[in-house]
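Asker: What follows is each chain in one-letter form.
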Amino acid sequence: MKYPFPVGKSDFIQGDEAIARAAILAGCRFYAGYPITPASEIFEAMALYMPLVDGVSIQMEDELASIAAIIGASWVGAKAMTATSGPGFSLMMENLGYAIMTETPIVVVDVQRSGPSTGQPTLAAQGDVMQAIWGTHGDHSLIVLTPATVQEAFDMTIRAFNLAEKYRTPAILLTDAEVGHMREKVDIPNPEDIELVYRKLPSNEEEAKYPFGDIHGDLIPPMPIFGKGYRTYVTGLTHDEKGRPKTVDAEIHRKLIERIVNKIEKNKKDIIDYETFDLDDAEVAIISYGIVARSAIRAVKMLRSEGIKAGLLKLNVVWPFDFEMIEKIAEQVNAIYVPEMNLGQVYHLVKEGANGKARVELIPKIGGEVHTPQEIVKAVKRCEKCI
Amino acid sequence: MYLKLSYEIRDKYLRKDMLPTIFCPGCGIGSVLQYTLRAIDELGWSKDEVVWVSGIGCSSRVPGFVDFDGLHTTHGRALAFATGIKMANPDLKVIAFMGDGDTAAIGGNHFIHAIRRNLDVTVILINNFTYGMTGGQVAPTTLKGLRGTTAPYGSFENPFDIAELAVAAGANYVARWTVFNYIQGINSIKKALQKKGFSLVEFLSPCPISFGRRNRMKTAPELIKWYNKITVPISKAKNMSPEELEGKIIIGEFVDRDRPSLDEEYEAYKKRAKKIMGWEE
Ligand SMILES: Cc1ncc(C[n+]2csc(CCOP(=O)(O)OP(=O)(O)O)c2C)c(N)n1
Ligand code: SF4
Numbered sequence: 001m002k003y004p005f006p007v008g009k010s011d012f013i014q015g016d017e018a019i020a021r022a023a024i025l026a027g028c029r030f031y032a033g034y035p036i037t038p039a040s041e042i043f044e045a046m047a048l049y050m051p052l053v054d055g056v057s058i059q060m061e062d063e064l065a066s067i068a069a070i071i072g073a074s075w076v077g078a079k080a081m082t083a084t085s086g087p088g089f090s091l092m093m094e095n096l097g098y099a100i101m102t103e104t105p106i107v108v109v110d111v112q113r114s115g116p117s118t119g120q121p122t123l124a125a126q127g128d129v130m131q132a133i134w135g136t137h138g139d140h141s142l143i144v145l146t147p148a149t150v151q152e153a154f155d156m157t158i159r160a161f162n163l164a165e166k167y168r169t170p171a172i173l174l175t176d177a178e179v180g181h182m183r184e185k186v187d188i189p190n191p192e193d194i195e196l197v198y199r200k201l202p203s204n205e206e207e208a209k210y211p212f213g214d215i216h217g218d219l220i221p222p223m224p225i226f227g228k229g230y231r232t233y234v235t236g237l238t239h240d241e242k243g244r245p246k247t248v249d250a251e252i253h254r255k256l257i258e259r260i261v262n263k264i265e266k267n268k269k270d271i272i273d274y275e276t277f278d279l280d281d282a283e284v285a286i287i288s289y290g291i292v293a294r295s296a297i298r299a300v301k302m303l304r305s306e307g308i309k310a311g312l313l314k315l316n317v318v319w320p321f322d323f324e325m326i327e328k329i330a331e332q333v334n335a336i337y338v339p340e341m342n343l344g345q346v347y348h349l350v351k352e353g354a355n356g357k358a359r360v361e362l363i364p365k366i367g368g369e370v371h372t373p374q375e376i377v378k379a380v381k382r383c384e385k386c387i
Numbered sequence: 388m389y390l391k392l393s394y395e396i397r398d399k400y401l402r403k404d405m406l407p408t409i410f411c412p413g414c415g416i417g418s419v420l421q422y423t424l425r426a427i428d429e430l431g432w433s434k435d436e437v438v439w440v441s442g443i444g445c446s447s448r449v450p451g452f453v454d455f456d457g458l459h460t461t462h463g464r465a466l467a468f469a470t471g472i473k474m475a476n477p478d479l480k481v482i483a484f485m486g487d488g489d490t491a492a493i494g495g496n497h498f499i500h501a502i503r504r505n506l507d508v509t510v511i512l513i514n515n516f517t518y519g520m521t522g523g524q525v526a527p528t529t530l531k532g533l534r535g536t537t538a539p540y541g542s543f544e545n546p547f548d549i550a551e552l553a554v555a556a557g558a559n560y561v562a563r564w565t566v567f568n569y570i571q572g573i574n575s576i577k578k579a580l581q582k583k584g585f586s587l588v589e590f591l592s593p594c595p596i597s598f599g600r601r602n603r604m605k606t607a608p609e610l611i612k613w614y615n616k617i618t619v620p621i622s623k624a625k626n627m628s629p630e631e632l633e634g635k636i637i638i639g640e641f642v643d644r645d646r647p648s649l650d651e652e653y654e655a656y657k658k659r660a661k662k663i664m665g666w667e668e
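Chains as they are written, first to last, in the numbering used here: chain F, 1 to 387; chain U, 388 to 668.
It cannot be assumed that every hint is accurate.
[To be verified] FRET-style restraints, in silico, Cβ to Cβ:
(1) His348/F / Ile409/U: 41 to 47 Å
(2) Leu406/U / Asp270/F: 38 to 44 Å
(3) Asp645/U / Arg183/F: 45 to 51 Å
(4) Thr408/U / Tyr198/F: 33 to 39 Å
(5) Pro6/F / Ile663/U: 15 to 21 Å
(6) Asp645/U / Glu275/F: 55 to 61 Å
(7) Asp398/U / Glu324/F: 51 to 57 Å
(8) Lys623/U / Leu48/F: 51 to 57 Å
(9) Ile570/U / Pro191/F: 55 to 61 Å
(10) Tyr540/U / Lys242/F: 55 to 61 Å
(11) Val248/F / Asp398/U: 27 to 33 Å
(12) Lys200/F / Ile570/U: 45 to 51 Å
(13) Tyr656/U / Lys328/F: 53 to 59 Å
(14) Thr408/U / Tyr3/F: 49 to 55 Å
FYI, nobody ran anything at the bench for these hints, they're computed from the structure. The beta-carbon is built from N, C-alpha and C at its ideal position, and this holds for glycine as well.
Using the sequences provided together with the hints, build the complete structure.
Answerer: Pasting the structure below:
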């Protein structure tokens, strides 16, 4: 296959561009979107590439329509993606829940800007973490990945497609204006070297009768895509294993929702991804994700040079969340610091995970600028002294 | 037209394990469903090549009862989902079964844009002048002065004429009937289904329970009489003055044209892109 960009070599590109290229290489052939800063470049790149690879790129009337269209495309078998920023992401929430309930693999990119409301369109923030995890209504789970570099934006886009397909669920790539607009060197592998996952399809008529049943015992039903003669009915209402609406049956509702939550929860170890720096002998842990983690790495080095045994846990996935791992870290260190470009979101998850075993301090920053390493160092030192 | 017995249609197309339907006695949705299935049957279409899409409302429950691939989505968004289905697999034929609130209120934006793009979909619209499922609130189609639970003293807003709106937005085929015009209705659906691009067949459909009861028309026959009173065939309407047409609803075929559909345009667009990039001659 011919690609509209160089493959098998590195290139110097923006984060948004990297996401678009990675999506194409992950097999995405349907993109629907609505322009918004700082995500528009993803759409513009998709608009350029999609017709050339026989995919579809379409500008919808709004973000509600964009996510609706990609869910529709997914049900006819396409790998599909949309990208937006905070205000558009808010508009997608109802249909994000629909995708979770109907177990539709899709990838949604949120290039975060500062809010609430239209806020600071061109500046970065990490204010949508809770929206990504809990923004839609009802009990649910999904997958949220957080890249810190342009290379990670590329790699995690491919991973987002793979996880969405594997677990029949929406995967959210939660990035920000900084990563989205920054230019860095990205290694673009040869397409043959990229490991791709495709959703499990029913292997026979019998399996196709249970589009929402745990027929393989792995909590993930095969997906009978439309147009193959299976005649599947898909509804956002509470449904039984065959997809028939059963809206007032408590037991059916419990079974369905628990399976949808458990297919993520029970496979946490497979989904969760993190890196550690100098954490083994650390007395002070910094837990960070996305763009801020880059400052945090430097801060750890600076703290070490000043004799403070600091270490970093960099989260590449913020949901599902490894509360148990945080507790283990909390047992080892005196204090955990969570620098975030918000007034505390992942901080609350960390605090819950730490379970009182260590002090957890938030290092907040808002207004569109990333924490400098010095700011993190200062905040840690200030607090370490006051204890 | 030779009409097959209803039970033949039922046995061939309905999901037995989903019956009975949720529809109230005297509701028009079942009739329109039957017309749609008869149209498909007469065209000889396979159940495997058609996808039904809907939003939320009584009318939107229809895809659950028919033995086809079906996507029952969120309120008002059926046509946005349909855009993904059709564009990702243009070989599929798409029917959107929608309510008037679903189409013209919460879904108004998707409706006009699907038409502007000329998405190849057939909308079967149940216009019962009310929100049936949520219990009889006023809709954007409720005629002035008629009651709903959210306008208990009679609606004070101007209603939409959905068929006219569709014509203005650029639909390829638009017709409106009452559920009692069944021969015209079936023929229109047949035409609409065969049409590339956006087609709409609107049915004025009785909702005795949520709508009629609040407007002194408790039964379907009373609503039939009212429909007879307020509807005027398009041929007759041409010679009537605006004053005479005040408060009347025109029925008939509004437009029948063949502008290229969205998927056809996209095919050409792909070719153009490859040519501009020098990938193809
Ligand atoms: C976002 C959202 N808002 C409101 C509702 C509640 N709701 C369900 S059906 C409906 C109206 C249905 O009326 P209509 O579309 O005319 O269809 P009918 O039931 O009359 O066939 C509403 C408002 C909803 N389900 N979702
Ligand atoms: S409420 Fe009205 S539209 Fe809904 S099923 Fe009953 S009669 Fe039909």
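Asker: Does each hint hold? Answer for all of them.
Answerer: Going down the list of hints, with the structure as the test:
For the pair histidine 348/F and isoleucine 409/U, the supplied restraint of 41 to 47 Å holds, since their beta-carbon distance comes to about 42 Å. Take leucine 406/U and aspartate 270/F: their Cβ atoms lie about 42 Å apart, and the range 38 to 44 Å holds. In this structure the supplied range 45 to 51 Å holds for aspartate 645/U paired with arginine 183/F, their Cβ-Cβ distance being about 48 Å. Distance hint check for threonine 408/U and tyrosine 198/F: the Cβ-Cβ separation is about 37 Å, which falls inside the suggested range of 33 to 39 Å.
Checked against the hint of 15 to 21 Å, the pair proline 6/F and isoleucine 663/U passes, with Cβ atoms roughly 19 Å apart. One distance hint, 55 to 61 Å for the beta-carbon pair aspartate 645/U and glutamate 275/F, holds here, with the actual separation near 59 Å. Here the CB-CB span from aspartate 398/U to glutamate 324/F is close to 56 Å, well matched to the stated 51 to 57 Å. About 53 Å separates the C-beta atoms of lysine 623/U and leucine 48/F, a value consistent with the hinted range of 51 to 57 Å.
With their beta carbons about 57 Å apart, isoleucine 570/U and proline 191/F fall inside the hinted range of 55 to 61 Å. Remark: the range hint 55 to 61 Å for tyrosine 540/U to lysine 242/F is contradicted by a beta-carbon distance near 46 Å. In this structure, valine 248/F and aspartate 398/U meet the distance hint of 27 to 33 Å, their C-beta atoms being roughly 29 Å apart. At about 47 Å, the beta-carbon gap between lysine 200/F and isoleucine 570/U stays in the expected band of 45 to 51 Å.
In this structure the hint that tyrosine 656/U and lysine 328/F lie 53 to 59 Å apart at CB holds, the actual value being about 54 Å. The hinted range of 49 to 55 Å is satisfied by threonine 408/U and tyrosine 3/F, whose Cβ atoms lie roughly 50 Å apart.
Hint violations for this structure: number 10 only, all remaining hints satisfied.
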